[in-house]
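Asker: Each chain, written out:
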Amino acid sequence: MAFRLQGPAEAELTRTGDRRNEMSGELLAAAQRGDSAAYSAFLHAILPFVRSLARRRSWSEDMAEEVVQDALLTIHRVRHTYEPGRPVEPWLAAIVARRAIDAMRRRGRQSAREVHDAAAYETFADPQANRNEAGEAAETLARMMAALTPRQKEALDLVKLKEMSLAEASAASGQSIASLKVNVHRAIRKLRLGQGGEAGE
Amino acid sequence: MSARRTEALIAAIAADARPVKPLAPPLRRSLATLGLLALAGGLAILLFADIKGLLARYSGREEMMMPEMAAMLATGLLAVTGAFFLAIPGRSRRWLWAPLPPLIAWIGLSGMGCWRDLAREGAAGWALGESADCLVFILAASVAIGAPLVWRLSRARPIEPLRVALLAGLGTAALAAFLLQFFHPFTVTFLDLGVHFAAVSIVIGAMALANRRLLAR
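If you read the protein sequences in the order shown, they are chains E and X.
Residue numbers for the first sequence follow our numbering, so the first one is 1 and each next one is one higher.
Residue numbers for the second sequence follow our numbering, so the first one is 1 and each next one is one higher.
There's no promise every hint is true.
[Claimed, not checked] Computed, partial: chain X to chain E, Cβ under 7 Å: (1) 6; (2) 8; (3) 10; (4) 12; (5) 14; (6) 23; (7) 27; (8) 94; (9) 156; (10) 159.
Keep in mind that the hints were calculated from the coordinates and are not lab data.
From a predicted model like this one, the values you see are computed outputs, not experimental measurements.
All residues carry an ideal CB built from backbone N, CA and C; glycine is no exception.
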């Protein structure tokens, strides 16, 4: 929409914009001729303008920076379409606007396909990623095992972990079958209570 | 996507500052392309056209046929020129609508012409002429006109290839339909007209579908 400028402040603003346009235009024209330093100066000079346009059309800072980078790559690809002598800002604004629309479409497609799962942050497919949780669990288990008597530990180890029959376990440990049964039962009860205590903490 | 990566990107881009030749203004590029097409079209008309047939078909109906052909030509010229403008970032997007008035005039005038024939000739006005030939002609001429046009437009690597392709498709089809008038020895009926517009739609649709592949290389 066209608007009429009024007052010296607005006129000064227009002059500043014009000067910026002219300066950037000259730098870009030099870049078209292969001047790398002028190109770098041009890209740095337009960055705040490009960034502000990108922010206006983005949902987040991340997305704005993605738009800025896409726009910079496009500027590089189509720098031959800038006509020396013409204002740079409309040319830049059209490129940034286009890349912002593309980014929005891309994000729209992603959010349509992906589901937000809060639990996904708590466990990961890669076992290495779960090391912290596994470490904590091992410590808890070790603490609970330390609370068992040596005979209870032995009974639990032979009957439940090594899966021996009561007769085999009795022969291996020297404990009577009845004593093994009692020790296994007490060990499991103690572990359960210990776990409950942990969970209640 | 940090600001630091943006800085690194700027450094990489600036290091790749190979010289590029700025494109000529879009109007000049459009006129050059249209001039080339006019030359080729004029040569084809001079060598192969059925001018006598055209004049016989026109006799007594000049006041209708001339504006119709002018509308076709204007649609083609404005659409092609618009495509050159839209291929450049920051140029007026109103070019997208520039060919609309002559396009409406073209459709309206062709329809009226057919309606008059229908009123004059009765059922014969519905007959299918040699429409299959027209379809083939428009498609073949569109390939001949569209190929150099797409090549010229693709040099700008348009950032909005779909809009450019739509206008290029319309321009190509309109110029092909204009050329067809010189090779069309019979009166157009409603069904012929339908075939003509089907051919135009095929050309526009094909261009629009292949927009990125054709233009944004």
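Asker: Hint by hint, note whether the structure agrees.
Answerer: A quick look at each hint next to the structure:
1. 6: holds (6 Å)
2. 8: Nearest chain E Cβ about 10 Å off; hint violated.
3. 10: holds (5 Å)
4. 12: violated (9 Å)
5. 14: At about 4 Å, which falls below the 7 Å cut-off, the nearest Cβ of chain E leaves the hint on residue 14 of chain X intact, so it holds.
6. 23: Constraint on residue 23 of chain X satisfied, holds at 6 Å.
7. 27: violated (11 Å)
8. 94: violated (13 Å)
9. 156: holds (5 Å)
10. 159: Result: holds, 5 Å to nearest chain E Cβ.
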